[in-house]
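Novice: Residues per chain, in single letters:
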Amino acid sequence: MTHGENIAEGLALAESQAVIEVADRIVAGAESDGVVVHVVKPPETGIVVAQIREPLAQKRFILADVQTVQAEVEIAGVRGWSMRMGSDRHAAMASAVCEAEYFRNGPHRGQVQDLAAKTLRAREQKRAQQWRSLVPTIVEFEEVLERS
Amino acid sequence: MTLPILTVVDLRKSFTLHGLGGQVIDSLHGVSLHLEEGEHVAIAGSSGAGKSSLLRCLIRNYLPDAGQVLLHSAGPAGGETPPRSRPAAAVPAFAPESVPGGATIELTALDDRSMARLRGREIGYVSQFLSAGPRNSPRQHVLTSARRRGLEGTTAEQAVGEALTGLGLEEELWGVDCSVLSGGERQRVNLAAGIVSPPRLLLLDEPVSALDPYNREKALVMIERLASQGVSVLAVYHDMRIIRRVASRVLVMAKGRIVDEGTPGAVLEKHHAALEEAAA
Amino acid sequence: MSYAGGNRGGTEAIVAAEALRAEQRTVHQRTLSVEAVLGALPEAVDRVMGEAGLWDEETAAVAFLQAAGDSAEAVHLLRAHRSTLTRFAFSEPIEPDAIVLDRRICSAHRSPDGPQLLGSTVDYSPRLLRRSGEPDPLPPNDELLAAMASAEARTSAEHPDRTPQRFTRYLAENNLLSPHSESGVDASGLEDPEPYDLALQPVRLPASRSALLSAMALAETGALVGMWYRSITGPDGYTDETVTVGEVRHGEVDLSVRHPHTGEALVIGQVRMTECEAIDHLNDRGEDPGKFTAGYGLALGHNERKAISMAALDSAAHRIRGTALGDEMEQSIMLTLDGLAANGFLEHLKMPHYVTFRSMMERAEAAQAVAVPPVSTEDDTREDYAE
Amino acid sequence: MSTAAILDKLDHDAGARQNSPRPTVMDEQGKREVRRASLAAVAIPGHQVPFGSREMPVARGWGSGGLQVTLAVGGEDDTVKVIDQGDEEGVNAVNLRRLIRGALGCAGTGDTREATIVQSRHRIPEDRMRVGQTLVLQVPVSEPLRKVEKSVLECQRMHAEADYSRIWVAMYEELAVGGMITTGASYPVMVNHRYLMAPSPIPRWDIPRLNHSEHLTILCHGRDKKIYAVPPHTPVAPVVFDDVPFEVEHTPGSRCELCGSEDTYLVPVQGGNFLCSDVEWCSRVRHRDVDAVEHAALAPQQYYPDAARRQSLRTIGVSDPDRQALTVGGAQAQTALGPDGTRQEWSLKVSGLTKVYPGSWGSSEVVAAADVSFDVAPSEALGIIGESGSGKSTVMRCIIGDETASAGEVRLAGLEDGRRNVFDLDLSARRRLRIGTLAVVYQDPSHGLDMGISAGGNIAERLTAAGWRKYHEIRSRAAALLERVEVPLDRMDDVVGQFSGGMRQRVQIAKALATDPKVLLLDEPTTGLDASVAAGVLDLLRELLAERNIAVVVVSHDFSVVRALTDRAMVMHRGQVVETGLTDQLFADPHQAYTQRLVAAARS
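Protein chains in written order, with my numbering: chain L, 1 to 148; chain P, 1 to 280; chain W, 1 to 387; chain G, 1 to 604.
Excised from the complex, chain L in its bound form (with noise of 0.2 Å):
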């Protein structure tokens, strides 16, 4: 868990809760140390234009869009970014705090990588029960049931 996006993309998918929890740590101890937490871009609700690049011709065409909220702070100068979907504001700034939190190596980093690996751990693994359940739908030919 050395790239930026890995944690990124593990905040973005992280459980609003675990994410605040995180954050208000970073926060309350940045306080305590003097350091300013900055709200660069305030928690803001938007959309992410889905493209598809469709499989025929290779064209890109829009399906939709995907409502997202954005946020941006700035911990002793350096920046932290989120982007999650759906409206959750607080969620968002806060994962931008533990993206800040990370960048500048800041005393709860580790927290951040752990709650970042952590969530992608449980989502390989919550695709792997829901694929145990799949499998019985499955429509198995007689030869095949044969040959095996």
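Worth flagging that the hints you see were computed from the coordinates, not collected in a lab. Some hints here could point you the wrong way.
Said to hold, decoys possible - Far from chain W, some chain G residues (derived; all Cβ distances over 10 Å): (1) 226; (2) 318; (3) 426; (4) 447; (5) 472; (6) 527; (7) 557.
Stated by the list, open to error - For each label pair, taking beta carbons as the anchor points, the in silico distance ranges come out as: (8) 34(P) <-> 337(G): 23 to 31 Å; (9) 24(G) <-> 66(W): 16 to 24 Å; (10) 421(G) <-> 221(P): 55 to 63 Å; (11) 29(P) <-> 488(G): 52 to 60 Å; (12) 431(G) <-> 221(P): 54 to 62 Å; (13) 40(W) <-> 150(G): 50 to 58 Å; (14) 177(P) <-> 360(G): 49 to 57 Å; (15) 40(W) <-> 13(G): 38 to 46 Å; (16) 13(W) <-> 141(G): 25 to 33 Å; (17) 156(W) <-> 360(G): 47 to 55 Å; (18) 498(G) <-> 68(P): 41 to 49 Å; (19) 121(L) <-> 141(G): 55 to 63 Å; (20) 389(G) <-> 68(P): 38 to 46 Å.
For glycine and all other residues, C-beta sits at the position ideal for the given N, C-alpha and C.
Given the coordinates of chain L, work out where chains P, W and G should sit on it, guided by the hints.
Specialist: Chains P, W and G in isolation, oriented as in the chain L frame:
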């Protein structure tokens, strides 16, 4: 002083029938003749001698294989062609001087458009059969012909009336469909279209053959009057008496050639037996 | 002196009407949460999101609830909401091949690459109404129970979780797929032209394929299915009864954007979508009967009807492009499928129209006054009629 | 401190900056798009400017277009009046006003004089609008051609080419059939003498108020995504024939029950009485707060309907000049100018015309016409004979422009004196050629006629396309033409679709000759008709051609048709010209084997 109007030199015509394995039928074997202004020349000969083919080659209803058909324009001294009004709206009159060769035009080589115009204006052709389209009335048929010769409006209507009256067609028939007319009536309509506002050269193929004696007489009077006005007439007649009466000269044809020529009295006497047999 | 307005009757009536509606709604809405709508009515939420062109399940559920289950009204609320939102970015182009499947069927082939994965569906089950608390009217018999047991015994090791090859790729590998040329469509001449943006660009005809696909993805589902079905049995004849569904898939794809600081793409979440490939034999005059052509359909969320009808219409549009029928079809797709536009125009008929109707009445009365016999030269008879 | 506390503070500060938070109804990008389109619309008066419309919190059709314009061009400093049917208390007006005032934070008013923006549905205020004011009209249907043309592409073409003949024909038909124009509100207008415009469904009463107005009018259709405008001092004229007066809504003797006005737009109420539709004006009249003299001058009293004037509209008659114009041979002959400045003989010249259909699956390459050349002079008719598939119709279609030639040239004396190759023209220029220069009579009358309108209307279409704007002149000319082609005049106003085949063909011929074209193309003009009917049509054509200095090309597989109509002819076989000659010579003395077969078939 007479003026030449038509010179034919060594005219030849044959037909290739592709549908019959390319069989060739000969028609004219080198015909030469000469016609002067105001002359009324008759063509005599047995059936199949090439009389009609000759007239058709001259009007280019048949396209000759070889030879020349020379139409001489009215010279400056001639000036006897009746003046006609050609209103500005009409197509410009045919101008021989614009044709290569100057005042004399070679008809076998003339482009189609010029030939088509010449036919309407300078040369009239009356065949044995009426070529009026369906639902055409005698008045319309003759009017179309008059318009081609440059007449317009009431002048044209008047000329049509004169031609039809002169040929003895009752006025109540002028507006009927040509298809209801008798053979004789149709022939008179046909002749009227040929002589209305007469052209300089008139080619007539059996123009009075279907007419009763009374109407034949009227028609002949009109044709004779044309010649006296300077119109040149080259005509095929079946009846030797007509030739004797109207023609100043007669050409005798046989097997696609002109075999004799002269005044009707002399020539017809000489070929009496053959011609009477053909006419019978 | 300035005019201060007449009576306030209109305002008062509107305020009262809104209040009456609010009063009737609150009782029931209190008992039904957004979470309950999301849990119980996911298909309705998906349909509303697709026709609104906005992915956000929670917001869509709110709209659906507020609209009392009227999906057209819910779509309207979402679209109007969407108009207020700033556009942050375009996503990275989503490659449908990266889909994480929960359903995939291939009708054109018995054993395609990858599984025939039925997923969660009642497609093949009898449609029997079941009231809650009542027993299953058709309980599984022994045979079915045995089958279920063997299905459950299957392990995911035998069926690795991977994206199967799509059916058009199989056709292409066997030289049976006509290359999907879009020559003459992109005026830009670019190899990868910008997609047509329905939200900000005016509709222009002839329309690019990108525009047609967007318009169909946004279409009212019933209208799209209706157009497809009309084109099979109606007088238009765009499509062909012999269309075969190559694939239908439902699953989840990642939505990625560029990080503004690092410039790298990152996943910010997932959207679900349904895609379809429709396969058509090129057996019309002038076509290459040695080849098939394909059409593509893609709908937001789970909406197989929309994806399938869209794919069939995409294929037809491609085949008849440039013909008079093709021009007609493009106009129909671009201008008649939007539910918001159609419903809005219909709704507006409820508004007052007495100024225009007065104008029409005046003409009708004038027409009665000039009703005269068809053609007449006798003035006296005309006067009789004029009275 | 927590993230929640930071967020609360942010929200609190944002709220403090804006003492009454306003709902966002439209994002800034959308507003910019509307402003851009509005500017373009002002720059080209009456032209429909497409724009990317955003969805509004009101239904499409409830004024979403007007709302977008008002929100995009308006601001806090504006004073906005919103009316519906003339009434600011209409349910639509109330809601829109609530939204606009809420979103813009602007002032509202009921007084037209105070308003900077008036957003309206179906009315223009009775009071005169002035310099600096903007009228935003909501539009439910933006396409004025929709009534006559359903294809959006075709409507686009008609606007681009200013080809509005079909709207004039629609007017002609209403006058001829009903004796009056039946269009109620939304009467089509011409803006700045160029663009046909749907003025929103304002009553005809309000149309004159758009003409040379002092205020700016912006019309917006949200559903169609179109904006168009009438800038100040722009001429706006209702589509009306020069000699048939425009009529506004008026019931003689009607007056407002409340204020007594007789010169306002009145709507009926219960009991057979009337009220002013503009409630502001009505109220101000009652409070004597109006300039009655100015208003009387503004009221469209000169357009009050007059039933007596309509009486002559349905009569059918042919004026002598019109009749004569058809029998004196049309206009002057027209021939091309040669490179040396001399007049050429021809009106139409075709050189090297070649048409190749490329091969495709199931069809091999076909050379439909190879190097075909000919020219035609005034008063001359040229025939093209051949069996079906010989290429003769291909040649015709390439000349007309129904098909694109692969190579060759077509020149017309009527087009730049013959110096321009017709094939170099764009499609719109080629369509224009067919209004007055190059006429066609098709084998199938439905290709040359609109079967859904009257015989007179079909001829009117050609005449209005050529710029005729006087109803009575159009009608008399049409009657003269129909009389000339022997269509009974009592059928002039009947729909052509009800005519027999022969009669349809006569109407098509009349239409082709309507503008005295210099070149006429006849494509199998009698094929498909019964023999006796065909003979009649053929005879008519022969007469008409004899009367005119027109250059004619006749295409037919039927030798008798070509014989009846032409002096010269070409025989085509497998795309090639195999023989040319005088028509009677081709028939009497055909040289080519193919021609001999054709002749044999015609004789049998």
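Novice: Quick check on a hinted range of 50 to 58 Å for residue 40(W) and residue 150(G), using CB atoms only.
Specialist: violated, 44 Å
Novice: Is the nearest Cβ of chain W still more than 10 Å from the Cβ of residue 447(G)?
Specialist: holds, 14 Å
Novice: Quick check for students: does the CB of residue 226(G) sit more than 10 Å from each CB in chain W?
Specialist: violated, 8 Å
Novice: For the hint 41 to 49 Å, verify it against the beta carbon of residue 498(G) and that of residue 68(P).
Specialist: violated, 60 Å
Novice: Would the non-interface assignment of residue 527(G) survive a Cβ cutoff of 10 Å against chain W?
Specialist: holds, 25 Å
Novice: Check the following: the C-beta atoms of residue 121(L) and residue 141(G) are separated by a distance inside 55 to 63 Å.
Specialist: Taking Cβ atoms as reference, residue 121(L) and residue 141(G) lie about 58 Å apart, which means the hint holds.
Novice: Could you check the hint for me, namely that residue 177(P) and residue 360(G) are 49 to 57 Å apart, CB to CB?
Specialist: holds, 52 Å
Novice: Falls inside 38 to 46 Å, the C-beta gap from residue 389(G) to residue 68(P)?
Specialist: Once the Cβ atoms are compared, 40 Å apart, the range 38 to 46 Å for residue 68(P) and residue 389(G) holds.
Novice: Evaluate the given range 38 to 46 Å for the C-beta pair formed by residue 40(W) and residue 13(G).
Specialist: holds, 40 Å
Novice: Is it true that the C-beta distance of residue 421(G) to residue 221(P) lies inside 55 to 63 Å, as the hint says?
Specialist: At roughly 58 Å between Cβ atoms, residue 221(P) and residue 421(G) fall inside 55 to 63 Å, so the hint holds.
Novice: That 23 to 31 Å hint for residue 34(P) and residue 337(G) (C-beta), does it hold up?
Specialist: This hint is violated: roughly 42 Å between Cβ atoms.
Novice: Quick one: work out the minimum CB distance from residue 557(G) to chain W and report holds if it exceeds 10 Å, violated otherwise.
Specialist: holds, 25 Å
Checked against the numbered hints above, the structure violates hints 1, 8, 13 and 18; every other hint is satisfied.
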